[in-house]
Amino acid sequence: METRITNLLHNRLATIVTMALAVVAAIVGWRRGDFLPVVDNLGLGLPSPGTWLGVSFLSLIISLAANVAMGMMIIWINRTYNTLRSLTHLGATLFFVMECAMPQVMAQFYGGTLLALLMMWCASLLFSTYGSQIGQRRIYLIFFLLTLAGFFQVNFFLYVPVLLVGCAQMRVLKPRGITAALLGIITSPWILFGFGIVRPDMLSWPDMVLIWNLFDTGEMVKAIVITGFTLVSGIGFMSANLLKILSYNARTRAYNGFLNLLWIATALFTVLNFNDFSFYIPLLNLLTAYQAAHFFTYRRQRRSYVPVLVIICIYIVFCIWSFV
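Take the sequence shown: its position 258, counted from the start at 1, is 242 in the numbering used here, and no numbers get skipped.
Bear in mind the hints are in silico, worked out from the structure with no lab data behind them. Everything numeric in this text was worked out from a predicted model, so none of it was measured. Among the hints, a few may not be true.
Said to hold, decoys possible - Pairs of lysine to any residue residues, derived as SDA-like cross-links and limited to a Cα-Cα distance of at most 25 Å, are as follows:
id, residue 1, residue 2
1, LYS206, THR64
2, LYS228, PHE128
3, LYS228, SER108
4, LYS228, GLY38
5, LYS158, PHE128
6, LYS228, ALA251
7, LYS206, LEU48
8, LYS206, ASN259
9, LYS206, GLY38
10, LYS206, ARG63
11, LYS158, ASN257
12, LYS158, VAL146
13, LYS158, GLN120
14, LYS158, LEU129
15, LYS206, LEU71
16, LYS158, THR171
17, LYS228, GLY241
18, LYS158, PRO173
19, LYS228, ARG155
20, LYS228, PHE307
21, LYS228, LEU48
22, LYS206, ALA234
23, LYS228, ASP18
24, LYS228, LYS158
25, LYS158, LEU125
26, LYS206, TRP60
27, LYS206, ARG287
What the hints assert, rightly or not - The calculated label-pair distances, taken between Cβ atoms and stated as ranges, are:
id, residue 1, residue 2, range
28, ASN257, GLN285, 13 to 21 Å
29, LEU42, LEU157, 36 to 44 Å
30, TYR232, ASN257, 30 to 38 Å
31, LEU245, ALA49, 26 to 34 Å
32, GLY17, SER231, 44 to 52 Å
33, ILE0, GLY180, 29 to 37 Å
We put the beta carbon where it would ideally sit given N, CA and C, even for glycine.
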């Protein structure tokens, strides 16, 4: 019986159930008006993603579709690149549960939604270049997309050095790879300025928006507690996974090394740039869910379902608390 429960948590059915739970939580949050603050001036001359659709019903639908896509991308990356060395849906299951804890991040499309989607896409492109001599087009695309997104919200620029280190981990940071990355970085401003989409007089450093000043005290305490728990959990799971990663082959070590680096960078940005912490929440949840899934995948013992259920219950309690 215990083995069946453990297998069920790694199964597609558990993912469907938690995905449905997350969708319901987001819809309830949207109907209650639990939205993140929509701020316009967060980029360099272009409107921030949170203003594209506002808090409309279409924004809710697109956000839900994007979150479902994120969960599926965790599964797809593992199946394609065998990062967990085992087939499991647990990463997506835990991601949807973590998203439930703060329904605001699912109730509308905003910069954090775009960040998580873009970084998962960039990770898959990066993994496909491992040790390749002809991966320059994909490297170019990664840095082009990242730089373009930065004009909508400058926080995206923080991930440029992270992806450069990722290129080194994939053994493609050679003269051709460096050239491709530099061309990708300069192409976006070249196009935007060349076609007059952004003009020099439109450039101004984004306003410093203190997100916590836009929440009431009770909501801010909830956000800090939930985010803090996710950060501490991620540190614990990633630290526990390090020794296991060392036993993998070079390719799999590189993949997991980059995902570890991405988690560390996102955690640091969340803490150091806490004036806009909500921007990092979806990606932080995604990467923490991956680390937890990694931990429980190679420890798939008969009773490993117990701590998994405890984690799920904690985030469900957080979800209920968010609505109180």
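Results for each hint:
no. : hint                          : result
1   : LYS206 <-> THR64              : violated, 37 Å
2   : LYS228 <-> PHE128             : violated, 34 Å
3   : LYS228 <-> SER108             : holds, 22 Å
4   : LYS228 <-> GLY38              : violated, 44 Å
5   : LYS158 <-> PHE128             : holds, 18 Å
6   : LYS228 <-> ALA251             : holds, 22 Å
7   : LYS206 <-> LEU48              : holds, 22 Å
8   : LYS206 <-> ASN259             : holds, 16 Å
9   : LYS206 <-> GLY38              : holds, 24 Å
10  : LYS206 <-> ARG63              : violated, 35 Å
11  : LYS158 <-> ASN257             : violated, 32 Å
12  : LYS158 <-> VAL146             : holds, 16 Å
13  : LYS158 <-> GLN120             : holds, 10 Å
14  : LYS158 <-> LEU129             : holds, 20 Å
15  : LYS206 <-> LEU71              : violated, 34 Å
16  : LYS158 <-> THR171             : holds, 20 Å
17  : LYS228 <-> GLY241             : holds, 12 Å
18  : LYS158 <-> PRO173             : holds, 24 Å
19  : LYS228 <-> ARG155             : holds, 22 Å
20  : LYS228 <-> PHE307             : violated, 39 Å
21  : LYS228 <-> LEU48              : violated, 34 Å
22  : LYS206 <-> ALA234             : violated, 41 Å
23  : LYS228 <-> ASP18              : violated, 41 Å
24  : LYS228 <-> LYS158             : violated, 29 Å
25  : LYS158 <-> LEU125             : holds, 16 Å
26  : LYS206 <-> TRP60              : violated, 32 Å
27  : LYS206 <-> ARG287             : violated, 31 Å
28  : ASN257 <-> GLN285: 13 to 21 Å : violated, 39 Å
29  : LEU42 <-> LEU157: 36 to 44 Å  : holds, 40 Å
30  : TYR232 <-> ASN257: 30 to 38 Å : holds, 32 Å
31  : LEU245 <-> ALA49: 26 to 34 Å  : holds, 28 Å
32  : GLY17 <-> SER231: 44 to 52 Å  : holds, 49 Å
33  : ILE0 <-> GLY180: 29 to 37 Å   : violated, 47 Å
Hint violations for this structure: numbers 1, 2, 4, 10, 11, 15, 20, 21, 22, 23, 24, 26, 27, 28, 33, all remaining hints satisfied.
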